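Fit chain B to the given chain A structure using the hints.
Protein sequence lines correspond, in order, to chains A and B.
Quick note: the first sequence, position 25, residue 25 per this note's numbering, numbers continuous.
Quick note: the second sequence, position 23, residue 23 per this note's numbering, numbers continuous.
Rather than coming from a laboratory, the hints here were simulated on the basis of the structure.
Treat each hint with caution, since some may be false.
One copy or any two copies: either way a pair holds, since identical chains are not told apart in the list.
[Stated by the list, open to error] Capping the alpha-carbon separation at 30 Å, the derived lysine-lysine pairs in DSS-like fashion look like this: (1) K271 with K250; (2) K250 with K48; (3) K250 with K124; (4) K124 with K199.
Values in this document were obtained by computation on a predicted structure and should not be read as measured data.
2 protein chains.
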Amino acid sequence: MRRELFIAALTLMLAATSATALHRRERSLSQTATKTLVERLGYPRDAKLLIVHADDLGVAHSVNSAAIKAFETGLVSSGSILVPCSWLPEIAAYARAHPEADLGVHLTLTSEWSLYRWGPVLGKERVPSLLDSSGYLYSSESEAAAHADTREVEAEIRAQIARARALGIQPTHLDSHMGTLYQNKALFEILVRVARENKLPFRVSQDWFARAQFMPSVLGPDDLVLDRTISIEPNVAPEDWSKFYTDEIKRLQPGVTDMIVHLAFADEEMKGVTLGHPNWGAEWRQRDFDFVTSDAFRKLLKENNVRLITWREIGKLIKKTEN
Amino acid sequence: MRRELFIAALTLMLAATSATALHRRERSLSQTATKTLVERLGYPRDAKLLIVHADDLGVAHSVNSAAIKAFETGLVSSGSILVPCSWLPEIAAYARAHPEADLGVHLTLTSEWSLYRWGPVLGKERVPSLLDSSGYLYSSESEAAAHADTREVEAEIRAQIARARALGIQPTHLDSHMGTLYQNKALFEILVRVARENKLPFRVSQDWFARAQFMPSVLGPDDLVLDRTISIEPNVAPEDWSKFYTDEIKRLQPGVTDMIVHLAFADEEMKGVTLGHPNWGAEWRQRDFDFVTSDAFRKLLKENNVRLITWREIGKLIKKTEN
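Pulled out of the complex, with its shape left as it was, chain A reads as follows:
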């Protein structure tokens, strides 16, 4: 989730308010109203369940190293991988050696940094609508969404999942790098279709519906919807980092919350990757790493009765439904 998604979603909120869409949404929600996701997962209705999720694995050695170190603390429960990036083999080796690790595919249609970039998994001749003039994936999710041919998007994300599997990653879930697949209904439909076919849960959250009203109309009764997401944004000052997360954990409501963090070390590589972009930059990611691997975070979770869960647990509900 990124700032731009928030802005795009606000725009959508103003546009998409037809009675039909609202009706569909209510019908969809009513079908899961009897039992909450928390209950379906086998916890009491008032349980506070949290996925601490590291985005952007595979982008850089610094990201992989920080995420692996964070997984080892037990305080980061899940992560997702950018398949087109050159450091994919490193995180794939980790996945093969740690089959219990909760790793998903961070479906990627953008390449957002200035001096370090990547292209699609499929050949450029095959998915020309995904490429900017320099031959890489578009820099922003809005550009990607504006230019993307939906058939090419579907082929590319299927190829990313296949490539992850070919390298020995058994993905537990899907999400969308920079939220590109949440930009409009057509893209979201692709995510949902591909996730269903792969019998994988995907990141989508009840608290997004007010800002992206097309979502409920795409979702069916068997799709699993989180209750909310937490993601720190650039309006938080560096010195308020701990306070932001602490406040969020203290006020956590019952339900399933996905706390999205971006982990890396503020080393030369990461400074190079994120050059000129303090938001989600090297220091940002170091702050996220420092917080989620801290004893203070461990204590906070314990004191507030927050239980960490994984996407694998959520995914098991899909098999139950279908078998």
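Same frame as chain A, now just chain B:
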């Protein structure tokens, strides 16, 4: 140049000794015998000209940073770029800001590290013979040469040159990463043909002919051939690094010599890239960087009357010939 090239060339030496090939070679050499390359470049016949050439730019931020720092010392005169790698935009930005920089295309048909890998510039559907089972370029030059369809090789290296140009790099020369295009006559013919069409000089050296006897038969009278190359090999112990280069410079003969170095910092990124591979690894590249940016190297060049030149100077001879 790599150890494997040496071994492959030795094999070729045993195979390729037909009278026809030797005849062609002598005829070719006789046409340039009247004037040496040194003289054609405008220097006295006994001048000792040296290109200090940084291979592998674009592979990693660590490599780019070290090479740029080395260029600034004036002691490294040239470099070549791996176009398929994700750090290409960083070195392309440097090239655009420094049009005087002597940068070539390090034509790439291999991806040799274990946890950090890359594919071709063309789509995988277009050049399937260049890909190993994991979908990346082959790990070794011998595997790449054994599997490569020559039409796919030619298309891919043309695409790499075009991509470099599209990002604002005006290449001054061509060479071949890990020497894949020197592995056999068919591959070498592609390099020569593409270089001629692009009116670019390419790395080839008289001292390779004894080990790769097909080379002279491919070369014509207008192709520019260096006199020799220097490249440190794994049989040199780390503590003998300076001694190796010092001895080489002291015994340098008149002519044009290409001293191939591999520059990077021994930082976390580079240790990750080269994991499990001390040869041409992070520490190796740090030692190369330390030597070629040292005052000792500067003094050595001066005391031995060695003059640094660039590939751009050599390339100017092509234009003279053709205009």
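Hints versus structure:
no., hint, verdict
1, K271 with K250, "neither (32 Å within a copy, 41 Å between copies)"
2, K250 with K48, "within (11 Å within a copy, 73 Å between copies)"
3, K250 with K124, "neither (47 Å within a copy, 50 Å between copies)"
4, K124 with K199, "both (28 Å within a copy, 27 Å between copies)"
In terms of the numbered hints stated before, the structure departs from hints 1, 3, listed from lowest to highest.
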